[in-house]
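K.L.:
Sequence:
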Amino acid sequence: PAPARRTALLDAKQRVDAAMTQYTRDATGAISALQSLDREFTPHPLVRHALAICLHRSGDATRALETARSAVPFCMERGHTLLAIQLLKELKLKVDQLELEREQLLTIGGALEQTEDWAAAAKAYSAVLRVDANETRAVKGMLQVAEGILAHKNNAEAAARIYRFLVKNSPQSPLMDCIRQGLAETERRLGEVTEPVAAR
4 PAPARRTALL DAKQRVDAAM TQYTRDATGA ISALQSLDRE FTPHPLVRHA LAICLHRSGD
64 ATRALETARS AVPFCMERGH TLLAIQLLKE LKLKVDQLEL EREQLLTIGG ALEQTEDWAA
124 AAKAYSAVLR VDANETRAVK GMLQVAEGIL AHKNNAEAAA RIYRFLVKNS PQSPLMDCIR
184 QGLAETERRL GEVTEPVAAR
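Residue numbers 4 to 203, in the working numbering, belong to the letters of the sequence shown in order.
It is worth saying that the hints were derived from the structure and are not from the lab.
As the structure is a prediction and not an experimental result, all values here were calculated from the model.
Mixed in with the good hints there might be a few duds.
[Stated by the list, open to error] Simulated crosslink set (PhoX-like; lysine-lysine; CA at most 25 Å straight-line):
#1 K97 x K126
#2 K156 x K92
#3 K97 x K143
#4 K143 x K156
[Claimed, not checked] Restraint ranges, calculated between C-beta atoms of paired labels, are given here:
#5 N157 x A64: 30 to 38 Å
#6 N157 x D29: 18 to 26 Å
#7 K156 x R133: 44 to 52 Å
#8 T118 x G194: 27 to 35 Å
#9 K156 x R9: 45 to 53 Å
#10 R9 x R183: 50 to 58 Å
#11 N172 x S39: 43 to 51 Å
#12 A187 x T31: 43 to 51 Å
#13 S35 x K156: 22 to 30 Å
#14 T24 x R191: 32 to 40 Å
#15 C181 x R42: 44 to 52 Å
#16 D135 x R42: 20 to 28 Å
#17 Q17 x N172: 30 to 38 Å
For every residue, glycine included, the Cβ atom is placed at its ideal position computed from N, Cα and C.
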(Lines of atoms letter the chains of each structure in order from A and count residues from 1; the text may use other names and numbers.)
(Lines give C-alpha, C1' and ligand atoms only; values in the text may rest on other atoms or scores of the structure.)
Protein backbone atom coordinates (compact mmCIF):
# COMPACT_ATOMS: atom_id res chain seq x y z
CA PRO A 1 0.00 0.00 0.00
CA ALA A 2 1.08 3.59 -0.67
CA PRO A 3 2.35 5.45 2.40
CA ALA A 4 -0.22 7.70 4.06
CA ARG A 5 0.10 11.36 3.17
CA ARG A 6 1.31 13.44 6.06
CA THR A 7 -0.54 16.64 6.89
CA ALA A 8 1.07 20.07 6.80
CA LEU A 9 2.30 21.50 10.07
CA LEU A 10 0.38 24.78 10.13
CA ASP A 11 1.56 25.90 13.56
CA ALA A 12 5.24 25.05 13.05
CA LYS A 13 6.61 28.22 14.66
CA GLN A 14 4.57 27.77 17.83
CA ARG A 15 5.49 24.09 18.09
CA VAL A 16 9.18 24.77 17.49
CA ASP A 17 9.22 27.69 19.96
CA ALA A 18 7.66 25.41 22.58
CA ALA A 19 10.28 22.73 21.93
CA MET A 20 13.14 25.23 22.19
CA THR A 21 11.75 26.51 25.49
CA GLN A 22 11.41 22.92 26.72
CA TYR A 23 15.03 22.23 25.73
CA THR A 24 16.34 24.43 28.56
CA ARG A 25 14.86 22.07 31.17
CA ASP A 26 14.43 18.79 29.24
CA ALA A 27 16.76 18.41 26.27
CA THR A 28 15.83 14.78 25.59
CA GLY A 29 12.12 15.56 25.62
CA ALA A 30 12.54 18.54 23.30
CA ILE A 31 14.55 16.50 20.78
CA SER A 32 11.95 13.72 20.94
CA ALA A 33 9.16 16.25 20.33
CA LEU A 34 10.95 17.69 17.29
CA GLN A 35 11.65 14.23 15.90
CA SER A 36 7.96 13.39 16.25
CA LEU A 37 6.99 16.55 14.37
CA ASP A 38 9.46 15.71 11.62
CA ARG A 39 8.17 12.15 11.37
CA GLU A 40 4.42 12.72 11.66
CA PHE A 41 3.94 15.89 9.59
CA THR A 42 5.09 17.10 6.20
CA PRO A 43 8.76 18.13 6.60
CA HIS A 44 9.13 21.76 7.68
CA PRO A 45 12.30 23.92 7.56
CA LEU A 46 11.79 25.29 11.07
CA VAL A 47 11.54 21.78 12.53
CA ARG A 48 14.64 20.45 10.75
CA HIS A 49 16.58 23.59 11.67
CA ALA A 50 15.63 23.34 15.36
CA LEU A 51 16.29 19.60 15.49
CA ALA A 52 19.83 19.98 14.13
CA ILE A 53 20.57 22.77 16.62
CA CYS A 54 19.20 20.83 19.60
CA LEU A 55 21.17 17.71 18.67
CA HIS A 56 24.31 19.84 18.36
CA ARG A 57 23.77 21.59 21.68
CA SER A 58 23.17 18.26 23.41
CA GLY A 59 26.54 16.98 22.20
CA ASP A 60 25.29 14.53 19.58
CA ALA A 61 27.64 15.73 16.83
CA THR A 62 27.05 12.78 14.50
CA ARG A 63 23.26 13.07 14.38
CA ALA A 64 23.49 16.88 14.30
CA LEU A 65 25.67 16.74 11.17
CA GLU A 66 23.43 14.11 9.58
CA THR A 67 20.37 16.28 10.23
CA ALA A 68 22.11 19.44 9.03
CA ARG A 69 23.08 17.74 5.77
CA SER A 70 19.41 17.36 4.94
CA ALA A 71 18.25 20.54 6.67
CA VAL A 72 20.53 23.05 4.93
CA PRO A 73 19.54 22.23 1.32
CA PHE A 74 15.93 21.68 2.41
CA CYS A 75 15.76 25.12 4.04
CA MET A 76 17.20 26.69 0.90
CA GLU A 77 14.74 24.89 -1.37
CA ARG A 78 11.90 26.34 0.70
CA GLY A 79 13.32 29.87 0.56
CA HIS A 80 14.73 29.89 4.10
CA THR A 81 18.37 30.66 3.31
CA LEU A 82 18.76 32.53 6.60
CA LEU A 83 17.94 29.34 8.52
CA ALA A 84 20.58 27.50 6.48
CA ILE A 85 23.15 30.19 7.33
CA GLN A 86 22.24 29.98 11.02
CA LEU A 87 22.87 26.24 10.94
CA LEU A 88 26.29 26.72 9.35
CA LYS A 89 27.25 29.21 12.05
CA GLU A 90 25.69 27.34 15.00
CA LEU A 91 27.29 24.00 14.10
CA LYS A 92 30.49 25.66 12.81
CA LEU A 93 30.11 23.67 9.62
CA LYS A 94 32.26 23.97 6.53
CA VAL A 95 30.39 23.97 3.24
CA ASP A 96 32.31 20.94 1.98
CA GLN A 97 30.77 18.89 4.80
CA LEU A 98 27.29 19.38 3.34
CA GLU A 99 27.62 18.03 -0.23
CA LEU A 100 25.72 20.98 -1.68
CA GLU A 101 25.10 21.49 -5.39
CA ARG A 102 26.54 24.36 -7.38
CA GLU A 103 23.47 26.60 -7.23
CA GLN A 104 23.12 26.01 -3.51
CA LEU A 105 26.78 26.90 -2.92
CA LEU A 106 26.38 30.10 -4.92
CA THR A 107 23.27 31.03 -2.95
CA ILE A 108 25.00 30.29 0.35
CA GLY A 109 28.01 32.33 -0.73
CA GLY A 110 25.84 35.33 -1.55
CA ALA A 111 23.97 35.07 1.77
CA LEU A 112 27.23 34.84 3.71
CA GLU A 113 28.45 37.95 1.93
CA GLN A 114 25.35 39.78 3.13
CA THR A 115 26.23 38.87 6.72
CA GLU A 116 29.86 39.95 6.07
CA ASP A 117 31.16 36.47 6.85
CA TRP A 118 33.85 36.84 4.22
CA ALA A 119 35.85 33.71 5.06
CA ALA A 120 32.85 31.39 4.88
CA ALA A 121 31.62 33.05 1.68
CA ALA A 122 35.03 32.52 0.08
CA LYS A 123 34.90 28.82 1.02
CA ALA A 124 31.50 28.45 -0.63
CA TYR A 125 32.69 30.10 -3.85
CA SER A 126 35.99 28.22 -3.88
CA ALA A 127 34.06 24.93 -3.56
CA VAL A 128 32.33 25.84 -6.84
CA LEU A 129 35.63 26.79 -8.45
CA ARG A 130 37.16 23.44 -7.55
CA VAL A 131 34.57 21.88 -9.85
CA ASP A 132 34.52 24.60 -12.53
CA ALA A 133 37.53 26.89 -12.28
CA ASN A 134 35.99 29.53 -14.53
CA GLU A 135 32.41 29.66 -13.19
CA THR A 136 31.82 33.38 -13.66
CA ARG A 137 29.37 33.77 -10.78
CA ALA A 138 31.80 32.18 -8.34
CA VAL A 139 34.68 34.31 -9.61
CA LYS A 140 32.51 37.43 -9.24
CA GLY A 141 31.62 36.30 -5.74
CA MET A 142 35.28 35.92 -4.82
CA LEU A 143 36.01 39.39 -6.21
CA GLN A 144 33.19 40.82 -4.09
CA VAL A 145 34.58 39.03 -1.03
CA ALA A 146 38.02 40.54 -1.66
CA GLU A 147 36.48 44.00 -2.06
CA GLY A 148 34.46 43.50 1.12
CA ILE A 149 37.55 42.48 3.08
CA LEU A 150 39.35 45.61 1.87
CA ALA A 151 36.43 47.95 2.53
CA HIS A 152 35.28 46.58 5.89
CA LYS A 153 38.36 44.87 7.34
CA ASN A 154 41.11 46.89 5.67
CA ASN A 155 42.99 43.59 5.33
CA ALA A 156 45.00 43.84 2.14
CA GLU A 157 46.89 40.60 2.81
CA ALA A 158 43.69 38.53 3.03
CA ALA A 159 42.33 40.20 -0.11
CA ALA A 160 45.60 39.56 -1.94
CA ARG A 161 45.36 35.84 -1.10
CA ILE A 162 41.96 35.71 -2.82
CA TYR A 163 43.26 37.49 -5.92
CA ARG A 164 46.30 35.18 -6.06
CA PHE A 165 44.01 32.15 -5.70
CA LEU A 166 41.99 33.36 -8.68
CA VAL A 167 45.09 34.08 -10.79
CA LYS A 168 46.35 30.56 -10.11
CA ASN A 169 43.10 28.61 -10.27
CA SER A 170 40.94 30.51 -12.79
CA PRO A 171 43.45 31.54 -15.47
CA GLN A 172 40.87 31.40 -18.29
CA SER A 173 38.28 33.56 -16.52
CA PRO A 174 36.93 36.45 -18.63
CA LEU A 175 37.29 38.51 -15.45
CA MET A 176 41.06 38.11 -15.35
CA ASP A 177 41.66 41.82 -16.02
CA CYS A 178 39.63 42.69 -12.92
CA ILE A 179 41.47 40.04 -10.93
CA ARG A 180 44.90 41.34 -11.91
CA GLN A 181 43.82 44.93 -11.27
CA GLY A 182 42.62 44.00 -7.79
CA LEU A 183 45.84 42.12 -7.06
CA ALA A 184 47.95 45.07 -8.18
CA GLU A 185 45.97 47.40 -5.89
CA THR A 186 46.30 45.15 -2.85
CA GLU A 187 50.01 44.62 -3.48
CA ARG A 188 50.42 48.39 -3.73
CA ARG A 189 48.71 48.76 -0.35
CA LEU A 190 50.89 46.06 1.14
CA GLY A 191 53.96 47.83 -0.19
CA GLU A 192 52.93 51.07 1.49
CA VAL A 193 52.64 49.22 4.80
CA THR A 194 55.95 47.31 4.62
CA GLU A 195 58.18 50.07 3.22
CA PRO A 196 58.18 52.27 6.37
CA VAL A 197 58.93 49.18 8.50
CA ALA A 198 61.85 48.20 6.29
CA ALA A 199 63.25 51.74 6.47
CA ARG A 200 63.57 51.64 10.30
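K.L.:
Tell me, in ascending order, the numbers of any earlier hints that this structure violates.
P.N.:
6, 7, 12, 13, 14, 16, 17
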